[in-house]
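Chains A and B, in that order, give the protein sequences. Here the first sequence is numbered in the numbering used here, starting from 34 and rising by one per residue. Here the second sequence is numbered in the numbering used here, starting from 3 and rising by one per residue.
Everything labelled a hint here was simulated from the structure, so no lab data went into it. Careful, some of the hints might be misleading.
Unchecked claim - Examples of chain B residues lying across from chain A (beta carbon under 7 Å, computed):
#, residue
1, H7
2, R93
3, G96
Said to hold, decoys possible - Quick list of simulated restraints, FRET-style, between CB atoms:
#, chain 1, residue 1, chain 2, residue 2, range
4, A, R248, B, G104, 37 to 47 Å
5, B, P138, A, D206, 54 to 64 Å
6, A, P105, B, D15, 25 to 35 Å
Stated by the list, open to error - Which stretches of chain A does chain B cover? Using the computed rule of at least three CB atoms under 8 Å from a CB of chain B, they are:
#, segment
7, 142 to 154
8, 233 to 247
Keep in mind the model is a prediction, meaning the values are calculated, not measured. All C-beta atoms, glycine included, are put in the ideal place defined by N, C-alpha and C.
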Amino acid sequence: MNAPALSPATPAKTAPAARVGIGGPVGSGKTALVERLIAAFAARKVDLAVITNDLVTHEDAERVRRSGLIDPARVSAVEAGACPHTVIREDPTLNIEAADDLERRFPGVELILIESGGDNLASTFSRDLTDFWIFVIDVAGGDDIPRKRGPGVLKCDLLVINKADLAPHVGVDLDGMIAEARRVRAGRPVIVTNCRRSEGIDAVADHLEREVLFRT
Amino acid sequence: MLRLHGIVGDRRDHALHHRLHHLEHHDAIEFLFVPEADLGRRRLRALTDRGTECAVSLDRDDALYDGAVLFIDDDRAVVVRAGAPRELRLRPQGTEGALKLGFLAGHLHWRVRFEGTDLCVVLDGAAADYTARIAPLLDDGIVTVVGNAN
């Protein structure tokens, strides 16, 4: 089969901002990942905004706003008021409106990170809301998490295993956990991080630059 | 990499159909296979069946569908196909079978790849429509359908 000669790439028309969801269990490190990604994308000159979801507070949004890493006006808060997955999957209207609002207020924004409230392994994002979504688990939750085959672990576009440094302290076989994660995900991407020390963050940012921002 | 934003139209649209038909005769249509579960994506990076890397983005109120034309010019087109590629695996018996099958596959502009001595045809319709074109070879037993016709 002969491929036709390649013609030059067509210039892109203006595309809306990419929307990337970040979900995962309570305490797995979602907000820490958001904070590290803000710094990583700032260094890469990516025009960024953030939405955080909390149950009944704006705590995560305030944490990100106070971080000094991003213009506080670029951080929006959504109160789920119910199970966090309801506003990222069943009816993501609140988050869609928040993202639309950020795009209106900051024309040219390239990437919007949407952090879900902490949930369980069944949490997934609607494609109406996100173009790509990350699921964050951590080694302290136990190395059997991938084996439990939760929809979040299986269906996400990128699985992040955080807190790798804790593995020896909580009796977790990290290599086995990574292998199990890759096996249940049939080889789809898995990246290991230690957000507190920014380890693995560049790999996550590289992945998003390639798969979502199409920069490389 | 082809950076593509938006959908040009539906391959069944009258105006596009004519242009696509012309390109088809020049073996210049590339298919971007998108799993059903990924049709809701508004950003996607994937390879066409010809190996062209495409970075696709859509407006928020747009959605991919089977037959969506993402790119078309005088030299080629990129068209979305929903689902995984379907293949018909054909195994020629001996030199005669290989020559005749190769001749017909080329003559019919089938999309093929080779796996060992098997010819794997990427289907763009019912498998029966393909086997009908090589019925004499199948009847004579110099080509057989093996494995994963689906």
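Verification of the supplied hints:
Because the closest C-beta pair between B/H7 and chain A is about 4 Å apart, less than 7 Å, the hint holds. Violation of the interface hint for B/R93 is found here, the shortest Cβ-Cβ separation to chain A being roughly 18 Å, above the 7 Å cut-off. Interface restraint check for B/G96: the shortest CB-CB distance to chain A comes to about 23 Å, outside 7 Å, so the restraint is violated. In this structure the hint that A/R248 and B/G104 lie 37 to 47 Å apart at CB holds, the actual value being about 42 Å.
At about 60 Å, the beta-carbon gap between B/P138 and A/D206 stays in the expected band of 54 to 64 Å. Between A/P105 and B/D15 the CB atoms are about 47 Å apart, so this pair departs from the stated range of 25 to 35 Å. Three residues within the 8 Å Cβ limit are the bar, and the segment 142 to 154 of chain A against chain B gives 0, so the coverage statement is violated. With 4 residues having a Cβ less than 8 Å from any Cβ of chain B, the segment 233 to 247 of chain A passes the three-residue criterion, so the hint holds.
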